[in-house]
Amino acid sequence: MSNSPYFDRNRIRNFCIVAHIDHGKSTLADRILEVCGAMTGRETVEQVLDSMDLERERGITIKASAVHLSYQADDGQEYQLNLIDTPGHVDFSYEVSRSLTACEGALLLVDVSQGVEAQTVANAYLAIDNDLEIIPVLNKIDIPNTDPALAGRQLGEMFGFTAAETLATSAKTGQGVREVLEAVVRRVPAPSGEVDAPLRALIFDSEYNAYRGIIAYVRVFEGEITRGTPVVMMATGKAFEVDEVGVLTPKMTPTERLAAGDVGYLCAGIKNARECRVGDTITSRARPAAEPLPGYREAKPMVFAGLYPTESSDYAPLKDALDKLILNDAALHYEPETSGALGFGFRCGFLGLLHMEIVQERLEREYDLDLVATAPSVVYRAFLRTGEVLDIENPAAFPDEGLLDHVEEPYIRATIMCPEEYVGPCMQLSQSRRGIFKDMQHSVGGRVTLTYLLPLAEILLEYYDQLKSLSRGYASLDYDFGGYQLGDLVKVNVLINYEPVDALAFLVHKEFAQTRAHTVVERLRKLLPRQLFEIRIQAAIGRRVIAASRISPLRKNVIAKCYGGDITRKRKLLEKQKAGKKRMKQVGNVEVPQEAFMSLLKI
Amino acid sequence: MVLPRALYIHIPFCRRKCPYCDFYSVAGEDHAIGAYVEALVRDLRHARAEVGSVDLDTIYLGGGTPTVLPPDRIAHVLEACGRLFRVRANAEITCECNPGTVGPPALRELRAAGVNRLSIGVQSFRDEELRFLGRIHSADQGRQAVRQAREAGLGEVSLDLIYCLPGQTAGAWEESLDQARQLAPNHVSAYCLQVEPGTPLAARVKAGEVRPMPDDDQADLYARTIECLEAGGLIQYEISNFGRRGSPCQHNLTYWRNQPHLGAGAGAWGFVDGERRQQVADISAYIAGWRAGEPRWAYREVCSGTSAANETLMMGLRLCEGLSLPEFRARHNIDLAAARRAEIDRLSAQGHVSLGDDRLRLTRAGMAVAGEVVALLAFDEEE
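Protein sequence lines, in the order shown, are assigned to chains A and B. Residue numbers for the first sequence follow the numbering used here, beginning at 1 and rising by one. Residue numbers for the second sequence follow the numbering used here, beginning at 1 and rising by one.
Lysine-lysine pairs mimicking DSS-like chemistry, simulated, CA-CA at most 27 Å apart:
{"no.": "1", "chain 1": "A", "residue 1": "570", "chain 2": "B", "residue 2": "17"}
{"no.": "2", "chain 1": "B", "residue 1": "206", "chain 2": "A", "residue 2": "570"}
{"no.": "3", "chain 1": "A", "residue 1": "561", "chain 2": "B", "residue 2": "206"}
{"no.": "4", "chain 1": "B", "residue 1": "206", "chain 2": "A", "residue 2": "576"}
{"no.": "5", "chain 1": "A", "residue 1": "572", "chain 2": "B", "residue 2": "206"}
Derived from the structure by calculation, the hints contain no laboratory data. Since we're looking at a predicted model, the values are computed, not measured.
So here's chain A without its partners, still in its complex pose (with noise of 0.2 Å):
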């Protein structure tokens, strides 16, 4: 083992491999991990950085995690490779920038044939933005009838690769692994940092065990962490012991220490995520360094979503479950809320859909909740006649027009990455959310920066995945809260014979108050089953209905025979009908469906 008394730190290299989706990132850790001798070739197949169920499933990594390696390099010595695995997919780009504050090195990996592609693009800025050097390697060279210098001149014009350095290989077969090895040897720096100074190390990704607690992946930068030392966590002033350090080969093997340079893992009795912050900077009680480390940008969700138990028993499980998940996904954000036609749930921020349909699928595959997702709504700031300012988050509260002098809603300064050639969708899609634009920077490859004011209510559905679809993935999106601007909004009350139905109300910009209005009112009159009377639906702005339609009253609902053998089939039925209605919403003598609610509110 490269451990004691202590290896050289110039001998130790952490790098990572960034991608495209399926551009064979995972073959090429495990061929790595093979030439490392850290697995046999049996091994190969279980994809080992791929450890949860969901991953395997869906062909995704998820969680980054670290391997700690031993390379024979070509001049005869031993190396310290550490590579630390990133997700592919777009949505966790956020993930992949924790992972890359912990390298010096990158291989930008891409397959010939499908050459240089979104991911591609993004992760490599991201690489450039962490100041990592840069190896490319071309990918796949196994497939007959690709065109390896097409793919190679791609990179070269965007980003000033040369062909001699760009690397090519196939994960697949083995081939150009070696020399990807010896090229991470020769041109990604040896890790900087004294083992003397002050201990500061990098939490960038942790784990819930169930039997240690909380485990904390680091990447030290300086000084050094042995078992026993009392750290203290830069952030939150929490001190722990340190039970245990070690590194990942991929299993978990303690050493003697940790020290500058080295990336690795500890457990120190954690219990609660909050304790042990991603980002956050681990010193040593007895010598804290002076500043922490520059964590890195905090993932900003894009998707939002209300998360609801089907079934009021369920929130309690639900809370629980989220403060779980919270641990191995410090990406999820969410916050208690309630619904008049939901009851209690949470509000909850997403780093992308595919995020949210991952966290909807944990919450109910490895928790058993039965969970509905709703349109959530943003916090508006109501300012009355008399002077009174409400934040409103609930649009049944809203206050009435009588009352209102003037409303704000939320904005957020958006910053939009995108190639030239999508700068004119990009620019359409966020005028037509209402978005003011503010700046536009051409950068070099042919990438433009726009910069746009938009209400945060505009941005809470689909405006995400509509930037990512219109520009073919390469669009990128960041934001900041940019203050409360005024907004012409109004109130639009659903009302079904004539009683208000609260659940529904909605605060909607006057522009699409009509339409809005239309659709809701349409949408009831589908949802909702017939009765044995008329019902009215009704959208109003006050006392102003702007939009309505009718359903007609039940006029057959009748079992034409029902004799002896019938009588306790039917009578089961009927029971059945009953305590569907004991569940109905009742709005004045209209029964609601729970389900209309949730088809209504649903995204």
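On the provided structure of chain A, position chain B as indicated by the hints.
This is chain B only, laid out in the frame that chain A set:
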């Protein structure tokens, strides 16, 4: 215990299965008839052992197609009933009949065996409709069966009719109704075609081959049916049943008034001492069971509390006479008018029910939506 006074006997044999039917019956098993009849007799003996030699006011031979049996087999069964129980002198003894399966000799034998009421499965007087329904007879045969029944001395004739067929016009239906009236039956059962799950018809509907008649059109036809039949002297007494004054089907009243009854035969249901039970709906298993001297049950449940109340409610409201509130209270310990005050008021105001003479009834409009009304009035466990 209140003793059963009605006996139902199930004959699950058919010439051919109709695509809309979900009663238990099989085609092509005629060879088992002999053994089945023997098993029936043992079944009846067992029933006698259980409840004693009770007075019977009605016997109903249903199916399947009872008239697929040779008349002497039916006679054999009825004769056993006569021996084992005390069949009243003027008991109503009904046999269901399929127009394609009987002629004058058979009908005379049935009469001689004691059958005094014939329920003929005419269904329609239009040949194309009969084809859609998969019936084995023609409109002519339907008419003929009625005439022949009368000639054989079967005074009480009831006709079964099915309407609301996909694409059926009001005119076409009224034509069948007219023909039915002209035959002057004592009783008519007119059923709106129901698509029952698991039937070939259901499969056709699911595949989009057949589109059921829209609900509102059905409501119109239903109203028209009542008008036409009552104009012909056939007065509605139950959701789908019409009779000349004094001629309801006594046997079926047992069901609607939720009274006990015996059930013999494969798949037959009985209601004895508060227990609902069904014998296994499988001819071979039924026969095997009785060979061994025992019933084979597919279902047994003592129905009590709110479930029992729901049954009385659901069945009683099917009758035009409705439910007697004092009797309901005595039987189920529930003051219906009080427990459902708000709902009854609302339904009354809407014109779906009427409360009077201590009885709760569905109005004509209410009958068309009986399913919904009963669901609003039904009870659940917590109450």
